[in-house]
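Undergrad: This is what each chain is made of:
Protein chains: 2
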Amino acid sequence: MAAKSWIESANAPDCEFPIQNLPYGVFSVAGDAPRCGVAIGDRILDLAACETNGLIDAGGTFANPQLNDFIALGRETWARIRDRLTELLGEDGNRDLPLVAMQDARLHLPIRVTEYTDFYASRNHAFNVGVLFRGPENALPAQWTHMPIGYNGRASSVVVSGTDVIRPMGQLKTDDGPIWSECKRLDLELEMGAIVGANSRLGDRISVAEAEEMIFGYVLLNDWSARDIQAWEYQPLGPFQAKAFATTISPWIVTTAALAPFRSEGAERVNDLLPYLQEDRPGLYDINLSWALNGEVLARTNYNVMYYSSAQQLAHHSGSGCPMRVGDLLGSGTISGPERDQTGALLEMTEAGKHPVMVGGEERRFIQDGDTISLSGHAQGDGYRIGFGPCEGKVLPARS
Amino acid sequence: MAAKSWIESANAPDCEFPIQNLPYGVFSVAGDAPRCGVAIGDRILDLAACETNGLIDAGGTFANPQLNDFIALGRETWARIRDRLTELLGEDGNRDLPLVAMQDARLHLPIRVTEYTDFYASRNHAFNVGVLFRGPENALPAQWTHMPIGYNGRASSVVVSGTDVIRPMGQLKTDDGPIWSECKRLDLELEMGAIVGANSRLGDRISVAEAEEMIFGYVLLNDWSARDIQAWEYQPLGPFQAKAFATTISPWIVTTAALAPFRSEGAERVNDLLPYLQEDRPGLYDINLSWALNGEVLARTNYNVMYYSSAQQLAHHSGSGCPMRVGDLLGSGTISGPERDQTGALLEMTEAGKHPVMVGGEERRFIQDGDTISLSGHAQGDGYRIGFGPCEGKVLPARS
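In order, the protein sequences belong to chains A and B.
Counted from 1, the first sequence has number 66 at position 64 by my numbering; the numbering is strictly sequential.
Counted from 1, the second sequence has number 90 at position 88 by my numbering; the numbering is strictly sequential.
Watch out, some of these pointers could steer you wrong.
Copies of the same chain are indistinguishable here, so a pair counts whether it falls within one copy or spans any two.
[To be verified] Computed cross-link-like contacts, DMTMM-like style, restricted to lysine to aspartate or glutamate with a CA-CA straight-line distance of at most 25 Å:
| no. | residue 1 | residue 2 |
| --- | --- | --- |
| 1 | 175 | 139 |
| 2 | 396 | 94 |
| 3 | 175 | 281 |
| 4 | 175 | 89 |
Derived by calculation from the structure, the hints in this document are not laboratory data.
Fair warning: this is a prediction, and the values are worked out from it, not measured in the lab.
One chain only, chain A, in its complex shape (with noise of 0.2 Å):
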């Protein structure tokens, strides 16, 4: 039988914060200062208090305003730490802890994002989309299969879940040359990003059994794409604008020690991985995840079908010597199965525009002013799961 808690509400089968997950975030209450907490059941753990009345001790970083220095203190504080919560908080722990109801927090990023690096793992999505951008020819780059292509992001404008989207403004290209314009093909791109945990010097190479170690957690991730700007600008350095204006993220960080029950193998490889990027064991996780338009479930899948797992990535990452921080952001690229109620963009699911979908009795191409994008993802124990939280954004008319 499942561990429980005596939170009850943690103990319901469906309920996303279990005692066996405890993910972290940074909240606050009626404009108190941001700080850290845990969630368990309908509540949220006060971390900093904790430390406060002497039940935890992280050197007094959950009273900052984000996780980056707690997490700086490694793999054996998170461990110490998780075992002194699931203590606190199971069936026999503290009754008199600092709990805050869930509904009356706010919740802000959980980490200062250092840098921000996307990735192109599912092959089903990097096909997909090399159809519609570059046809069928040269869909899938001839490296694809060999290395996890990434490029860097934008940490600037990574904002947490419930943060508006405003439709960004870019150059599109038209017949009679480009012009200055709204994007008129908003999409999203569903993800999971990994938080790197430590930090790896100029000139060291991470193998990816010490990139797994590296690796905190995993959130959800909306990596937003205007199509059109993308289409006229991504050649040949890469997406820049079309990707700059937001990226969401879920607010809670689920742990790896949270998702170990959950590894699997990903998909099929078509050929052998060079040894820098060959894995001992399975470093995927069966996650099902799924999006929302307007509250409508419109795909679902699995983390589970992608080709490179995040410490695949961050191997690779690290290949050149590029020094990783505590901080770092994952993007694992977008996750789709290969039917198109599986696919984790409006581009792939629409064919860019050219068979709808149906929302609630409308057609939807690409997203409009006044849409919700929605984001869940669980991982599914014995009597129990792991869920993520909320991962959502509404979008804004451009501001002209």
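Following the hints, complete the assembly by docking chain B onto the known chain A.
TA: Frame of chain A, contents of chain B only:
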């Protein structure tokens, strides 16, 4: 007649750091804590000590090991401090200042690089490299004359002049499939770097005029590039590990105030720009640039060959509503004139290795282990020059 300093070494006509310059940096002496300083002749004025002594007031920010907090104080403070430094260091200035001999100081990275963006704004370079990567038909991307093409680079590997550069490892393409190898086509890119000096908010767009006001100053920048890694990895999402192993900047930030007399038109336009990119006044600067391999100058060019100014780049960067932050570094893109001895990269100079150059009696196609690459730059005034100081790095063998 040009203004003089009471520090005689600052008054030599070829001195890089006369009183008209006053560039900011971060230095330490004999293992002391790094702090902010300003270069004057062959000395450094210790700005932290000036604050302690009550000679200058920048809110204590000069005691910090980076200039970000000073820069964040804003343009009025920049102007006030420059006036005060001109007074203290002028001919009738204060003879009792805390000065350090430049030769005794270690220079550090002058800013904490928040994010690093690299552009592609020399038409000669874009065309020449385009021919080599994609052939003459597709050399200059269609959008190139309409927008400053840029991509997000990696901030964690920006290093200060004098830092050794380790030859990167990476995936290279061969006829028998990709291999893991040391880079065999290591190159430089001669660039200027603009330092962003103010924040903008998510959703805000910055006009070109506002962007000019937001730029604190400039450094020399070498965007080291692994051409073979780049060729295999860069489609469709742009350069990644080929550029992530090191970017060298000069230690002194030359302010826009010092460069103001050297404003210059850039390259001739082949089409009108969209209004958001139009400039009211010339946005480039007349800065003589050169680079040397093991001390032998191989090319000379000028910053004013560029097609886009950093103000235009910054305006474009925020076009989607992307927030900009103090400490963001914008690489100009490789600066190349039309002739072979005006190119800012060996890739162009040797046509991807086909036509080697002679250096010290030896052939060079790309950079070899043990080679040192040095960039130089100065604006020539009437009787004085505004120099940038060193921007160099020595290449060490790969760690295989």
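Undergrad: Can you list which hints this structure breaks, lowest number first?
TA: Numbers 2, 4 - these are the hints that the structure violates, sorted from lowest upward.
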